[in-house]
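Student: This is what each chain is made of:
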Amino acid sequence: MKTHSIHILLLLALLLTACGPATERPATFTDTDETADISPDYGGVTVPPNIAPLTFIVRDSLADAFVVEFTAEGNSENCESDGNFIVAAKSGGLVQPDTAAWRALLQANTGKTAKITVYARSDGQWKRHRPISFRISEEPIDAYLSYRLIEPSYELYRQLGIYQRNLTTYEETPIYENNRTFDDDENHCVNCHNYQANDTRRMLFHVRSNHGGTIIIDNGEINKIGIKHDSILSAGVYPSWHPTLPLVAFSTNLTGQIFHMQHSERIEVLDEASDLLLYDAKENTVSKIFSTNKQFETFPCWAPSGDRLYYVSADVPNLPDTLAPKDRGSWMMEHYSELHYNIWSMPFDTLTRTFGEPQLEVDCAAEGKSASVPRISPDGRFLLYTVADYGQFHIWHKSADLCIRPTNQSAPHTAPEGASIALPTDSIVPPSGGERGANLNSPEAESFHSWSSNSRWIAFASRRDDGNFTRIYISYIDSSGNARKPFLLPQLDPRQNIRLLKSYNVPELTRNPIQVSTAKIRKAVLEQEQKVSKFIEK
Amino acid sequence: MFNDQCSMIKRKLPIPLIFFILTWVWASWWMGDVGRIARERSFFATDSTLMQFLWQQEFGSLWILGRALLTLFRWPLLGGGVVAAMLAFGSWMLGYCLRLRPRWRWIQYLPAAAWMTWVAWSGFELYYQHESGRPLGTLLLGFVVVAIDGFIISTFSRKPLPEIVRPPKDETQRQNLAQLVLVIVLTAVPVATTSLRHPYLRPVTRMEVQMLSQDWQAMAETARSNATLSYRPIAAYYAIALARTGRLTDDLFQIRLDYDSLYLRGRSNTPDNGTNYYLADCNYHSGLLRAAEHNTMEMLTMDGPSLYTLKHLTRLAILHSDFNLARKYLDIISHMPFESAFVEKYEPMTAQTAAAAQLRESDPEFASIKMCEPVADCFESQFQEPTFLGYFAVLTAGRSLQALYQSLMANLYSKRMNDFLMRCQPLVGQVLPQSIGEGLITQSQKNPQILQAFPSLQMDAQRYRLFLQTVSPYIKDRAGNAQKLFQDYRGYYPYYYFFGNLKATRKSTAKDSPSKAGVN
Chain A
1 MKTHSIHILL LLALLLTACG PATERPATFT DTDETADISP DYGGVTVPPN
51 IAPLTFIVRD SLADAFVVEF TAEGNSENCE SDGNFIVAAK SGGLVQPDTA
101 AWRALLQANT GKTAKITVYA RSDGQWKRHR PISFRISEEP IDAYLSYRLI
151 EPSYELYRQL GIYQRNLTTY EETPIYENNR TFDDDENHCV NCHNYQANDT
201 RRMLFHVRSN HGGTIIIDNG EINKIGIKHD SILSAGVYPS WHPTLPLVAF
251 STNLTGQIFH MQHSERIEVL DEASDLLLYD AKENTVSKIF STNKQFETFP
301 CWAPSGDRLY YVSADVPNLP DTLAPKDRGS WMMEHYSELH YNIWSMPFDT
351 LTRTFGEPQL EVDCAAEGKS ASVPRISPDG RFLLYTVADY GQFHIWHKSA
401 DLCIRPTNQS APHTAPEGAS IALPTDSIVP PSGGERGANL NSPEAESFHS
451 WSSNSRWIAF ASRRDDGNFT RIYISYIDSS GNARKPFLLP QLDPRQNIRL
501 LKSYNVPELT RNPIQVSTAK IRKAVLEQEQ KVSKFIEK
Chain B
1001 MFNDQCSMIK RKLPIPLIFF ILTWVWASWW MGDVGRIARE RSFFATDSTL
1051 MQFLWQQEFG SLWILGRALL TLFRWPLLGG GVVAAMLAFG SWMLGYCLRL
1101 RPRWRWIQYL PAAAWMTWVA WSGFELYYQH ESGRPLGTLL LGFVVVAIDG
1151 FIISTFSRKP LPEIVRPPKD ETQRQNLAQL VLVIVLTAVP VATTSLRHPY
1201 LRPVTRMEVQ MLSQDWQAMA ETARSNATLS YRPIAAYYAI ALARTGRLTD
1251 DLFQIRLDYD SLYLRGRSNT PDNGTNYYLA DCNYHSGLLR AAEHNTMEML
1301 TMDGPSLYTL KHLTRLAILH SDFNLARKYL DIISHMPFES AFVEKYEPMT
1351 AQTAAAAQLR ESDPEFASIK MCEPVADCFE SQFQEPTFLG YFAVLTAGRS
1401 LQALYQSLMA NLYSKRMNDF LMRCQPLVGQ VLPQSIGEGL ITQSQKNPQI
1451 LQAFPSLQMD AQRYRLFLQT VSPYIKDRAG NAQKLFQDYR GYYPYYYFFG
1501 NLKATRKSTA KDSPSKAGVN
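Chains as they are written, first to last, in my numbering: chain A, 1 to 538; chain B, 1001 to 1520.
Derived by calculation from the structure, the hints in this document are not laboratory data.
Glycine residues also receive a C-beta, built at the ideal position from the N, C-alpha and C atoms.
Keep in mind that the hints are not guaranteed to be accurate.
[As the list claims (entries may be wrong)] Some chain A residues judged to face chain B by a derived CB distance under 7 angstroms, without partners named: (1) D184; (2) I258; (3) Q262; (4) E265; (5) P494; (6) Q496.
[Stated by the list, open to error] The calculated label-pair distances, taken between Cβ atoms and stated as ranges, are: (7) B:I1184 <-> A:R59: 31 to 39 angstroms; (8) A:E527 <-> B:D1477: 50 to 58 angstroms; (9) B:D1331 <-> A:L492: 13 to 21 angstroms.
Only chain B is shown next, with the shape it has when bound in the complex:
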């Protein structure tokens, strides 16, 4: 037994093959959801008219190839496999082209590791407001250059190709082991980069993938399992998941809402807070469909079409009964690889028949969103901040209880307590959802009539008094103590009221300008 183990240790390992496996795991599992969402937020179609906007740009053809490769991330295992193959085969070929001696062979992995680290460092910038074909386009270019170089060398020289899947013959045991360690370290660098610089990247993209399959429960669970991470996109997608599952009034404050920097640069390479990443989704799921269309069209204008924007616009067109428009978008989507399921689902809804109407009405997502649409027309500028939750804070007439709850939660979130109290009146005499009851409790000392109107809150009032006693030593330094108290009071609105969202909470004001300049 002992001899067997010794022989395993002494056996030389095929490092290129191990590097391939490691990069495959990295690309398909660690970055798999990122690749899948990068594909959603990218655009590649098999029609030259549709790609014209990109073709005309510098390096446009390279970016188109990069985008074509990205489409393989429809199945991250496949996309990741192709990326890993290019990285591993390219590294192996690079070593051959550079005629590296065994002791320096680890150098061949440096360009691949550098590319992986750059990808990890980029985070959302892989596709958000930046060219989505660039990451795989540059990889493809490097790979092709090295492959051609290797092909020429192997054709005109007698130098044999090194082993790729079998243990190398020309390496010593020590050299082989050193290579193995370095390859593992090099692969760990991009993993660490993602974890340290963009810890939100994987949870957010995971939630987006879950949203694609309308798995709202899983979305909420993903956010809760990353509850101590405090980033706006996580909060936004968490709120959407809760809105879809009817848990907004119970679970919104289960995650930290303090918002660290995303370390993002926009298309002008200036700092960007990432609001436009999720704003269209928030407005759509809040029933503010025209605002969602506005957000999505601006994205389409500035960054060109993407599968994400086209899908959004299709659904919005169907919800607005603009069926010719929906068919236009579906025609474009049908020219994108691997999107037949989406077209098959929504195309039948664009007919003007009773069967199509039935399909539209029976779609649970559409039905739920329709329940939250504004009752009467007004203008975007008459709504108020915050943008979170579709800036639904000043709802004056709702189509449903769900719409009222969304408005109340927007007020609780933005700590607009007067607006909150005014909108609680229809709930007198009813069983209150958890956060709304807790929100009322925070105002009960200033306004004792609240407890008369909602006598069921007496028990909660006791808990609130106890909370105030317990946290009183921490009140002087709320920002410093917020994280310390989070686990004890997770999900409890008074905690959020006093300790949560301190950086972002400002007294919101109505937008002064009723109209926006810059008519095109």
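This is chain A alone, in the form it adopts within the complex:
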């Protein structure tokens, strides 16, 4: 009887809450031509139909209350069945749409334009701002985004981790974290997480320093491997999983970083040498793809068909032959701004596992530019890459911009090491990418990028907000390869974008969540012995 009474009371309380006064549009207001100042800026963006609610702050120091109306194009303002809804801003102008209402709006209006109308109250009078429009795409984005959170630091690291974000909600779960409370033993760097064709069943990341190795996860099985051999420059660095086979193309780099003293940029990360490797995850074997002295190959990327490998390469013909290895870094430091990387590709025979002749894809050097991080859209139609004035670690270059161009595998342009190469005559767009990527870029660095598996979305890292702390932006890419205005990764509290003192690093979109638990990965990192891969001479 007593239990029944409690249940009835709880039910009544619930009903009372449900019947509370709903947020309503102000009865009287005056219209203003001004658009409300909201942060992040969502005006004119395109959003996927499965994205978490776009939260924002309304910035108007004169107003003391805000009501925000979300409506879709062509819908009657009062028709809630079309997904329209109204939300009152919280303290500080914080607008957090209700998740259920947001989903209803998006699902009922895919392919349409939606509007955000802000009503602001000052001195007891309401005014209605001009609506802010955004488009709801019909194509969803891959639901999961993984990234590393790290201070935009220089050499040291702590409280560093790789995380996975569910884009349909705000849920963020760690894939691996080094140490929350400082512990020298666990204070290692983790980086370069990579997945096979947007699928987390095969993935990897590196652990550097203590407990070092490359963590390979293959359908739930975790192995810590070590890629070591006297004839290779370093362990595997920038990875790319083959889209179907248990193969990974790695770069192997002698990398260093130097610190500017009087420059608008802070750091230059440069290679003293770099080559490419092919790693077989099933056999735990590694072989060289390239081993060159005056060409620096790095950032490999498989074509989605798996029969071609893209990469960037810089010719360094002036590198003196007589230079001692210890002096190589000094020489590179003097010539860092002369390093220009081009995008190359070469065919791959999946049966014999051999590579064909390299073909020049984008000749950036001819324009005095330098390309990095080539990424092919999963439908194989577009090449997305970053171009900057020099070098390859473009996240530290303010000149770094994203470019999109159709893939171009005709008319191969091959050349021996060190030879100069003319710009491909059949280039559809200029090497710097033309107008397709124009909407993506800002005066600050845009760099690391990832395609959604349906080729309609990209997530990329940008320093546009403050020039230092990298944030992730998402952009729609239409079927012609044109990018729409990107929007900032939504957060439950949008102020997190300002207050988080970490950068978002290496965004990677995947269709599914990580298949193994954080605890299992942690156990492998801390307890597994490194399995050194067998080197195969080819």
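Once you have looked at the hints, place chain B on chain A.
Tutor: Same frame as chain A, but now just chain B:
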């Protein structure tokens, strides 16, 4: 009159109240600057996102509370008062909980004295590379446990609470006096610990507090009044004060520069020389802004944000015209208690208006620092040791005479005399600052052309010859005689050249590695 004095002696004293007063004096005056700087090098904000990094750690919530209490040291009298209240009230309550008899009542003060001694023993480790919420977090935890215990006992037992502000009724005169003596001794232990183990702690934190208010003269005076203490942080902040007041070339050698151990452990509990404590400040004030940003970001990465790092980063962002970045840092600082003055000062500078530009240009600290910035870009690894004075020794092109002087003084400090002489050429025919003239004199025997180029040094040459004659008996044991001669030759560069900085002076070499490994 005599009877009055006797009655004073015979009167029993309220020991808990006296203990409160003594600990208040200790916490707010003796350790007041330490508390103020611990607060600067700590971080507490009224925003859960900002505290997330600490919340996730073991005992994170306790450290957050400790950091919150530390913010009260914005006014050491207030922070010290709260600490003293917890120590005194906690001790009094502990005695009650333990039902101590009057003769054993002094025991109740032991945990408080032990905590104070631990604080004194920790020195810089109270906040440098160690959790800044720990000292007050542990105190708060102890206090809360004892207070709850006392509350429960007083609720369920009839035992009366002892007197706290009035003379105790149950103690004899002798017991009361013994308690008084023990309380004074117990309070003296942490004072002695600081003086003996970390004699630099109070002067350095005093100088840092003076730096916060840009009182450069007072900073220099603090260092000079502790001239016989020889610790790197004192030397670093002294050099900064001199650079800001234009006295670097006159007064740098007024203090001992021999460097005793700081007895510091870093975050891994391994010995640490404390360089990172002041390096960002040195680079900032030397005009090496990117290097200062590098140092500060590394601190932020390894130890989490602090008011100190955020303020530094704000100023650096403004100096680099990264105004969005500066506003980000200011937004975070605005969520820290009692920091509105800093935000009000620097926020108007982040606008892209003529008025804001005027504000930036008229800031004397910014203007002075800008005068020392490198003329052209190069890389950190192309600069040379020592780190002191912002490793500015090999300046080849300067923006101002001030920058040239800083470079010359770095060479004199590191006894890089060839580099020093090469950079003196622009000064031929000019009136030389004191230390630069004295530096030239030390080289005049090897290089007589110096006196031809700088004829005004003839008088100094005589003094130098006399110096050499006087100190010749001491030359064989320079390290042993350095301190003996210091007072006689304080501020005289030839003394420093022969007797100063003997442990630290090594022939500095360019860093071999042009790039640093460990790209993240």
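Student: Holds or violated: the hint that A:I258 contacts chain B, with Cβ atoms closer than 7 angstroms.
Tutor: holds (4 angstroms)
Student: Should the hint that A:Q496 touches chain B count as held when the rule is a Cβ pair under 7 angstroms?
Tutor: holds (5 angstroms)
Student: Just to be careful: measuring from the Cβ of A:E265 to every Cβ in chain B, is the smallest value less than 7 angstroms?
Tutor: violated (9 angstroms)
Student: Let me know if the C-beta of A:D184 comes in closer than 7 angstroms to any C-beta of chain B, holds or violated.
Tutor: holds (5 angstroms)
Student: Confirm or reject the claim that A:E527 and B:D1477 have a C-beta distance inside 50 to 58 angstroms.
Tutor: 56 angstroms Cβ-Cβ, so the 50 to 58 angstroms window holds.
Student: Honestly, do B:D1331 and A:L492 meet the 13 to 21 angstroms range at C-beta?
Tutor: holds (18 angstroms)
Student: Falls inside 31 to 39 angstroms, the C-beta gap from B:I1184 to A:R59?
Tutor: violated (58 angstroms)
Student: Tell me if A:P494 is really an interface residue toward chain B, meaning its C-beta lies closer than 7 angstroms to one of theirs.
Tutor: Not OK, violated: A:P494 not within 7 angstroms of chain B, min 11 angstroms.
Student: Should the interface hint for A:Q262 be scored as holding, given a Cβ-Cβ cut-off of 7 angstroms against chain B?
Tutor: holds (4 angstroms)
Checked against the numbered hints given earlier, the structure breaks hints 4, 5 and 7 and satisfies all the rest.
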